[in-house]
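**Student:** In case you want the letters, here they are:
2 protein chains.
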Amino acid sequence: MDSTATSRLLNSIHVPTLLLDEARARRNIQRMADKCRKSGTLLRAHFKTHQSAQVGDWFKQAGIIAITTSSVRMAAYFADHGWNDITVAFPVNWREIDSINALASRIKLGVLVESIETANFLRENLTAPVNVWIEVDTGYPRTGIDWQNNDTLVALAQNLQNHPLMTLRGLLSHNGASYACRGHADLRAFWADYVARLTSARAALEAHGIHGLSISPGDTPCCNVINDFTGIDEIRPGNFVYNDLMQVINGSVTEDDVAVAAACPVISKHPERAQVIIYGGGVHLSKDHYIDQLGRNTYGAIALPTENGWSKIHQKSYVISISQEHGIVQCDPETFASVNIGDLLIIIPVHSCMTADLLKSPITLTGETLDMLVLSAP
Amino acid sequence: MDSTATSRLLNSIHVPTLLLDEARARRNIQRMADKCRKSGTLLRAHFKTHQSAQVGDWFKQAGIIAITTSSVRMAAYFADHGWNDITVAFPVNWREIDSINALASRIKLGVLVESIETANFLRENLTAPVNVWIEVDTGYPRTGIDWQNNDTLVALAQNLQNHPLMTLRGLLSHNGASYACRGHADLRAFWADYVARLTSARAALEAHGIHGLSISPGDTPCCNVINDFTGIDEIRPGNFVYNDLMQVINGSVTEDDVAVAAACPVISKHPERAQVIIYGGGVHLSKDHYIDQLGRNTYGAIALPTENGWSKIHQKSYVISISQEHGIVQCDPETFASVNIGDLLIIIPVHSCMTADLLKSPITLTGETLDMLVLSAP
Numbered sequence: 610m611d612s613t614a615t616s617r618l619l620n621s622i623h624v625p626t627l628l629l630d631e632a633r634a635r636r637n638i639q640r641m642a643d644k645c646r647k648s649g650t651l652l653r654a655h656f657k658t659h660q661s662a663q664v665g666d667w668f669k670q671a672g673i674i675a676i677t678t679s680s681v682r683m684a685a686y687f688a689d690h691g692w693n694d695i696t697v698a699f700p701v702n703w704r705e706i707d708s709i710n711a712l713a714s715r716i717k718l719g720v721l722v723e724s725i726e727t728a729n730f731l732r733e734n735l736t737a738p739v740n741v742w743i744e745v746d747t748g749y750p751r752t753g754i755d756w757q758n759n760d761t762l763v764a765l766a767q768n769l770q771n772h773p774l775m776t777l778r779g780l781l782s783h784n785g786a787s788y789a790c791r792g793h794a795d796l797r798a799f800w801a802d803y804v805a806r807l808t809s810a811r812a813a814l815e816a817h818g819i820h821g822l823s824i825s826p827g828d829t830p831c832c833n834v835i836n837d838f839t840g841i842d843e844i845r846p847g848n849f850v851y852n853d854l855m856q857v858i859n860g861s862v863t864e865d866d867v868a869v870a871a872a873c874p875v876i877s878k879h880p881e882r883a884q885v886i887i888y889g890g891g892v893h894l895s896k897d898h899y900i901d902q903l904g905r906n907t908y909g910a911i912a913l914p915t916e917n918g919w920s921k922i923h924q925k926s927y928v929i930s931i932s933q934e935h936g937i938v939q940c941d942p943e944t945f946a947s948v949n950i951g952d953l954l955i956i957i958p959v960h961s962c963m964t965a966d967l968l969k970s971p972i973t974l975t976g977e978t979l980d981m982l983v984l985s986a987p
Numbered sequence: 610m611d612s613t614a615t616s617r618l619l620n621s622i623h624v625p626t627l628l629l630d631e632a633r634a635r636r637n638i639q640r641m642a643d644k645c646r647k648s649g650t651l652l653r654a655h656f657k658t659h660q661s662a663q664v665g666d667w668f669k670q671a672g673i674i675a676i677t678t679s680s681v682r683m684a685a686y687f688a689d690h691g692w693n694d695i696t697v698a699f700p701v702n703w704r705e706i707d708s709i710n711a712l713a714s715r716i717k718l719g720v721l722v723e724s725i726e727t728a729n730f731l732r733e734n735l736t737a738p739v740n741v742w743i744e745v746d747t748g749y750p751r752t753g754i755d756w757q758n759n760d761t762l763v764a765l766a767q768n769l770q771n772h773p774l775m776t777l778r779g780l781l782s783h784n785g786a787s788y789a790c791r792g793h794a795d796l797r798a799f800w801a802d803y804v805a806r807l808t809s810a811r812a813a814l815e816a817h818g819i820h821g822l823s824i825s826p827g828d829t830p831c832c833n834v835i836n837d838f839t840g841i842d843e844i845r846p847g848n849f850v851y852n853d854l855m856q857v858i859n860g861s862v863t864e865d866d867v868a869v870a871a872a873c874p875v876i877s878k879h880p881e882r883a884q885v886i887i888y889g890g891g892v893h894l895s896k897d898h899y900i901d902q903l904g905r906n907t908y909g910a911i912a913l914p915t916e917n918g919w920s921k922i923h924q925k926s927y928v929i930s931i932s933q934e935h936g937i938v939q940c941d942p943e944t945f946a947s948v949n950i951g952d953l954l955i956i957i958p959v960h961s962c963m964t965a966d967l968l969k970s971p972i973t974l975t976g977e978t979l980d981m982l983v984l985s986a987p
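Residue numbers (my numbering), protein chains in the order written: chain A, 610 to 987; chain B, 610 to 987.
It is worth saying that the hints were derived from the structure and are not from the lab. Please note: incorrect hints may appear among the correct ones.
If several chains are the same, the list does not tell them apart, and a pair holds so long as it fits within one copy or across any two.
As the list claims (entries may be wrong) - Below, computed lysine to any residue pairings styled on SDA-like, alpha-carbon distance capped at 20 angstroms:
| hint | residue 1 | residue 2 |
| --- | --- | --- |
| 1 | LYS647 | ILE725 |
| 2 | LYS647 | SER714 |
| 3 | LYS878 | PRO750 |
| 4 | LYS925 | ILE900 |
Note that the structure is a prediction, hence the values are computed from the model and not measured.
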């Protein structure tokens with residue numbers, strides 16, 4: 610690490626800014642890529658966390674060739690940056706059919722279907738070939754067909770077959786209930802169930818003569834702790850590239866695996882309540898929060914800038930409250946004493962997907978500003 | 610209202626989009642401007658809610674000449690759009706001193722100070738004239754000097770006097786505790802206290818020979834219900850231009866005064882749980898939520914598109930949960946039956962400041978896309 614460059618970078622920061630430790634992010638990518646290669650599993654990494662062309666390049670350099678996005682616009686951005694095999698892991702939005710067709714005509718596009726209505730819509734409105742995934746609800750009731758609802762699964766799969774522009778590829782599921790797990794044993798048991806449910810749904814389809822389907826599970830908490838994915842066609846974790854406090858508290862990583870942090874100017878100190886006020890609020894960090902190990906409702910953890918990035922977390926201090934532009938940091942006496950108005954405080958985010966989406970273009974510790982998807986007016 | 614234009618607009622929407630009812634926003638502006646004019650009070654409207662040059666023009670047309678922003682960058686945006694008298698209602702961020710000086714050299718800039726350290730910093734680093742406001746904490750302990758802390762108030766006011774580039778203008782306070790009030794009587798009592806505390810702090814300074822200071826309170830819940838501001842130099846509400854569910858639940862307005870709503874495509878219907886899933890999640894609506902009149906934890910209220918905008922709120926339905934891109938709407942049977950995949954559902958935001966900041970450029974019901982501050986990489 611070029612510590613002079615990092616110091617220069619920190620000195621140049623005027624407003625809340627997302628810092629990105631490239632070495633950590635590359636290590637996170639490499640670790641997941643290695644596990645997948647050894648398992649014979651495709652890592653179709655979800656890119657919604659970073660949304661950055663250059664971070665995408667780091668994945669390419671680790672041998673990743675297929676990705677996931679959470680929107681059609683995000684898929685178009687990465688198609689513009691050379692990605693040729695993209696699944697949009699969000700049920701088809703009929704209103705974007707023109708964009709879907711345009712994208713399908715230039716890359717290998719995967720789409721998600723979870724209703725007969727949408728299958729019929731695609732039959733009538735597609736003009737270019739797509740890979741189709743059926744979304745399965747494996748215990749996180751948001752979108753998807755319940756994994757035990759064989760009748761609907763079979764009817765939908767049959768509907769999706771025998772159309773010249775649709776290739777039914779498999780069963781895809783995001784089971785976000787894994788975020789409630791705590792510890793490796795809990796996550797491993799959760800993963801076993803999760804995969805078993807997808808496998809069971811696939812078996813039900815096979816029993817009706819529908820063969821050759823892949824399964825695509827994958828969420829960061831589980832994929833961080835599972836080392837062997839043998840038998841699983843592809844996984845789609847995304848958050849692991851950056852990680853965050855949610856991953857630390859579920860035990861899937863340590864704080865040394867968190868690759869992003871928000872650098873926030875210190876605006877004010879209030880000794881009578883041991884609080885430091887930072888320029889860094891809901892429009893920068895998001896209002897995501899969680900109950901930490903000490904039972905505190907936390908909007909972010911606290912670290913100090915160092916020559917090479919940022920320090921270990923100061924466990925006794927935390928972001929206690931947040932408004933649009935202000936963050937209030939409840940401090941232990943040592944942290945309070947070590948911070949002055951005009952300094953930068955480092956906030957480790959609760960949920961890096963949301964913080965990265967708000968702060969946009971991250972800056973690496975060597976001072977490189979990365980490109981990131983910015984949505985213009987609709 | 611041109612209903613053909615509205616229908617055309619709604620048909621053209623593909624992704625989550627902020628709709629703006631210009632007539633309602635202009636009515637909200639006019640009402641506040643009229644009350645201030647009658648009271649002899651300056652309406653220094655806070656522009657953090659809309660952040661839009663054109664909405665700013667509507668204020669100009671209502672006679673408003675002075676504004677508030679929540680950041681230096683937002684002040685620079687409005688200075689670029691012809692505003693010449695701007696207070697940044699956020700304590701001076703030392704790291705932005707170059708931008709502050711640049712702005713102060715071209716407009717009448719007001720800055721906020723709440724510590725001796727920052728007063729000293731300004732004494733040494735200002736290169737252009739500024740108006741200075743002391744921030745007072747009148748019962749919302751975030752930033753500001755406690756209104757009863759006379760020693761510090763006097764010391765700070767004395768420090769800020771007698772500097773060639775600083776003009777001490779007065780005492781400014783944002784008392785966000787008003788958001789916990791319910792009903793007009795509650796808000797009126799709150800406002801009386803709030804103003805009395807600022808007046809008392811001013812009297813303490815007068816007792817020490819510091820005369821001629823203005824007071825600047827102002828938050829939307831109170832300013833929506835107070836009709837007579839006589840004796841108050843200026844007020845700084847902002848949210849009132851759009852309003853939102855928070856203002857409806859505190860009783861300061863009705864739903865007919867809410868000028869913005871998010872149009873979100875319907876992605877999926879799950880009859881077994883009476884839920885409709887929309888394309889509209891935390892990155893669009895924010896994760897702000899509140900407990901509504903029925904005790905439900907709500908992320909947004911539901912309406913349907915109409916020829917002229919949107920319908921009354923469907924009280925029995927609501928946004929029950931939100932993730933990054935998905936919103937889950939718990940529906941009553943009638944609402945569920947009246948919505949189809951591919952339709953738009955209208956979400957009335959809990960907190961319009963956050964939703965507008967996320968969705969960016971609003972579209973008026975006649976189809977005009979408005980400009981809005983977009984922060985580039987730092």
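**Student:** For each hint, tell me whether it holds in the structure or not.
**Tutor:** Tested hints:
For the identical chains of this complex, LYS647 and ILE725 are neighbours neither inside a copy (37 angstroms) nor across copies (61 angstroms), given an alpha-carbon limit of 20 angstroms. For a Cα distance limit of 20 angstroms, the shortest separation of LYS647 from SER714 qualifies neither inside one copy, at 33 angstroms, nor across copies, at 62 angstroms. Taking identical chains as interchangeable, the C-alpha atoms of LYS878 and PRO750 lie at most 20 angstroms apart only when they sit on different chains, with a minimum of 12 angstroms there against 44 angstroms within one chain. Taking identical chains as interchangeable, the C-alpha atoms of LYS925 and ILE900 lie at most 20 angstroms apart only when both belong to the same chain, with a minimum of 14 angstroms there against 31 angstroms between chains.
When the structure is compared with the earlier hints, violations turn up for hints 1, 2 and for no others.
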